[in-house]
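> Single-letter residue listing:
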Amino acid sequence: MPHKTFFAFILPSLIAMALFIALPIVSVVVQSFHVEHGRILVEVESCQPFGGCTKETRVDTAAMAELKAEQPMGQFNGFGTYLNRGHLAVNEIGAILANNTGFGDIVTRIYNLPFYKALSFTLVFCFVVTPLAMALGFAIALAVNTLPKVTKGPVIFFSLLPMIITPLIGSLILYWMIQPNGIIGATLRHVFNDPTLSLRQSPALTWFSLLFYGVWTNAPFSFVVFYAGLQTVPADTLESAMIDGASRWERIRYIVIPHLAPLATFVALVQLMDNFRVFEPIVGFSAEANATSLSWMIFNDLAGDAQLFGSAGATSVLTIIGVVILLTPVLIRTWREFNHKVV
Amino acid sequence: MKPFFMLAVSTVALALGAGAAYAECGIEAGSVRILSNDFEALRLVNKTAEECASDSVTVTANATAEHKNLQVPALSINPAEYTVAVVANNSIVPLMNDDLIRPLDDLVAEYGASLQPNQLIKIDGKTMAVAFMGNAQHLFYRKDILDKAGIAEPKSYEDILAAAEKIKADGLMEYPLAASDKPGWDLAAEFVNAYLGTGGEFFAPGSAELAIDNENGMKVLETMKALTAYMDPDYLTFDANGIQAEYKAGKVAMMVQWGSLAGDMLKGEGAAEGVVENTVMAGAPTIGGGTVPAVALWWDGFTIAKNISDEDAAASFQAMVHGISPEMVAANPTVATWLVEGYEPGPNAVGVIATANAGARAYPMQPYMGLLHTALSSELAEYMAGKEDATQALADVKAAYDTAAKEGGYL
Amino acid sequence: MSQATLSHKRPLGLTILITAFIVVWVILAAFPFFWTVWGSFKVEPDFFSRESWWNAIFGVYTQRQNDGSAFTGSGYYGAWVTREFWRAVGNTAIVTVSVTVISLTLGTLGGYALARSGQRYAFWILILALVFRAMPHITLVSGYLLPFFQLNIWGVLPTSIIVLVAINQPFTLWMLHSFFLSIPKDLDESAMVDGCSRFEAFRRVIIPVMWPGVVTTGLFSFLLAYNDFAVTSMLLSADNQTMVPKISSFLGSVQEQGNVMFAVAAVVSATVPLFILVLFFQRQIVSGLTAGAVKG
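Residue numbers (the numbering used here), protein chains in the order written: chain A, 11 to 353; chain B, 966 to 1376; chain C, 152 to 447.
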């Protein structure tokens, strides 16, 4: 395809992405290299409806305005924000490695640092949920494909439900069902005959519920993509394979799976990325005590009473880097496929 | 019944509006644009302020839970997107830090005849906000359960612990206590509350240096942990609405809960039998032999943007004064603990008033308090879950706060 | 694909296994939804019972509050009448339809170009799009606020629509690019040999066979716009709010009791149009248009 035609086709997309994604990313990256100016504080008296008046410190806004006019972005801090305790915690890790009582101690103390705590759950979520959800989605797609036409419609709809229901409410309702008084929680207590069993109490069980929820909401996406892909499997190839005496399993293994491979790459890309940014279930399941994620850290920086844009920016950039590292194998694959393509 | 009650409230507001046309606001011209949080009392104030709309005056209101994220960018442009920002102790701070709101003394002198002196939030001698409602956490307890156990009204956390032990020992309740210990804003607020009760200061005088790493901080953490022994083992997942439901279900004998939820409790919708009739609202408990109630006092009030014309500022001030008028309050006495003239505190306000009268301290308005709140919100969870000790927890909080404060330019 | 020939040869054991698997999955997927539909006609202390989940079945408190009736419409009444949920429904309709149409228009053009261009830069555009997609939405949105306020375009529907389209582009491009790869090149290239321009070939040959892919991609664009919270909650004023931020505003905040049952009723209402949509479009997905096209 000539360059001119190519760009004529893709330009609208590129402009939209440049304006609303690339530009903000650049500004976030720049911001993450800066910290606020040193605040000039003054002591003033403040009076409130109850409690009378007290001496409190305030920011001297006039003096700050002058500093801001000189350097609107704040002070340049280089990689300072990336390396501080809230992110990569280089000094803290150095201290831990230099002075510890053994491997267990190192792990516990590193896990105590917010970034690494968040990272560990994020990675576990990513690597457990993505393959399981893809496998489940593929199995559902194969099974649905064998159903008679009448039942297909409703089954497809019901299979999509976990993805359709707003995560905000979906996780809330599911969370409620696994409460000790809820239908699932109470049943589990009964089944395991353990009246103290509570899915949200221990870290392990909280993680388990979150992972289960992750597979539940992610499977429909794989299902739909694979199901649509199954419709394009060339029937004559399948038929000739059948004539050659290929078993069901062989047909799936040697015809269906290779045919769906590009779609599988795509699904893996999207789901790895989405799972790396896991956020809603943590809030919906009130799991902050036992599980945090990188996106949750960003949310915590931005939604608190004091917003930390630099810190949120640094975590965002680290998230992007994490995603790129995670996707490298898939990308190399895509690169090969791309080069195989006859131009 | 909540929907019908809310409908009734809005009908009253509408009826008020229909009867008392815009004339009484006395605004000649201008544009009033209100940004506020989204809950019933504020929606009521906004609705009343909207009555001031006329041919020459436009009044719009945006009530949204995202108000904290919107207010700084929305007010920093010129002219500002909103002329009025409705704030509380904590959300006024970012506006003050960036110098986005104007002093109101002239406007108060000219149009503020119906305001009371204690409504004026004065900072450095200048009125920066006008408060119209107050809020605080305070003790809700079940009189029947405490009577059965033969315990008088608890006055301190030590009393509460003793009472909880007695109730549990007598087999009256398995988990007599509840607190909003969910990691995040709630858990941090619990720490701030208790720490205020010790009389200690959060920061070294005149600086942003954190000063909670002392025996007061340890005492607070110990008490918070001791209380959890009498709570449902899932305590780390309960927020204020969660403990409200637990209490209503009759599973809790004592809790320190928001005064703004007292009205809901007294309405008793969905409460188990015998809960509401036996519930007593009392002042917040003290801690460690102190005399100050161990909770923070909160106010909600309005501020006027700096980057707007004087005409809009005057119009906005008048509309808001109308929005919080004594007539509105007289028609809606149970919606909030109003700070407005002529307000007769009803049964839902008893706890807040008792707490305020006992000398509770206001939630601190230091510019860096928000950073501490955020640090507390994520670093205390492991201690509360029993995974680390108090010393480590305080050290973590300090480390997290120092990191944030350096980034914010305070250290 | 010839379903009949494949299915009648299936051994009984496999059929049972497949049926059992589908039944288990459908229960797993749909049960929470039906539980929610059922519960939306109860009062909060029943559906979110602190005592026992049997209350949600029998409606103990619902009966007490409704003179003996175990069902109540008060959640729906509160959401739709008291809190004017219909406004949010209207806004959502505008936002989702616009986002889907614009995303797909831009995405099919771009995705087709990416699938047919063998140049290196096409690959790098795909990678870049992927990096763009990795950016957490909350960070993006908090960066939009100040410029949008300055340009005076904050709070209105078109702004949110454009932002959602842009945020959705990487995904749409990737997905459609994958679908176009599965359409044989011979199709459009033979059209071009017959004298069509690239765009004509796209319009006459590709558009008729691309619908299954477009419908599937459209479904995801639609769901993204429909379920979006980060963008719509921060970029829309209360009057222009779409359904999800509206639903979350029913939930209450730290110091204020929300009304969870309004939210539950609203969620059930919000799922109805999706049900119709999926039932309608699943025919397109099933129709096997592409299978025919591949056969040529």
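Because the hints were derived from the structure by calculation, they are not lab data.
Note that beta-carbon positions come from the ideal geometry of N, C-alpha and C, so glycine has one too.
Certain hints may be false.
[Stated by the list, open to error] Just some of the chain A residues that point at chain B, by a computed CB distance under 10 Å: (1) Glu53; (2) Pro59; (3) Glu66; (4) Met83; (5) Asn109; (6) Asn155; (7) Thr156; (8) Leu157; (9) Lys159; (10) Val160; (11) Thr161; (12) Lys162; (13) Ala214; (14) Phe218; (15) Thr275; (16) Gln317.
> So, for every hint listed, does it hold in this structure?
Results for each hint:
| no. | hint | in the structure |
| --- | --- | --- |
| 1 | Glu53 | 6 Å, holds |
| 2 | Pro59 | 5 Å, holds |
| 3 | Glu66 | 6 Å, holds |
| 4 | Met83 | 12 Å, violated |
| 5 | Asn109 | 15 Å, violated |
| 6 | Asn155 | 41 Å, violated |
| 7 | Thr156 | 42 Å, violated |
| 8 | Leu157 | 40 Å, violated |
| 9 | Lys159 | 44 Å, violated |
| 10 | Val160 | 41 Å, violated |
| 11 | Thr161 | 39 Å, violated |
| 12 | Lys162 | 40 Å, violated |
| 13 | Ala214 | 13 Å, violated |
| 14 | Phe218 | 15 Å, violated |
| 15 | Thr275 | 37 Å, violated |
| 16 | Gln317 | 7 Å, holds |
The structure is inconsistent with the numbered hints 4, 5, 6, 7, 8, 9, 10, 11, 12, 13, 14, 15, although it conforms to all the rest.
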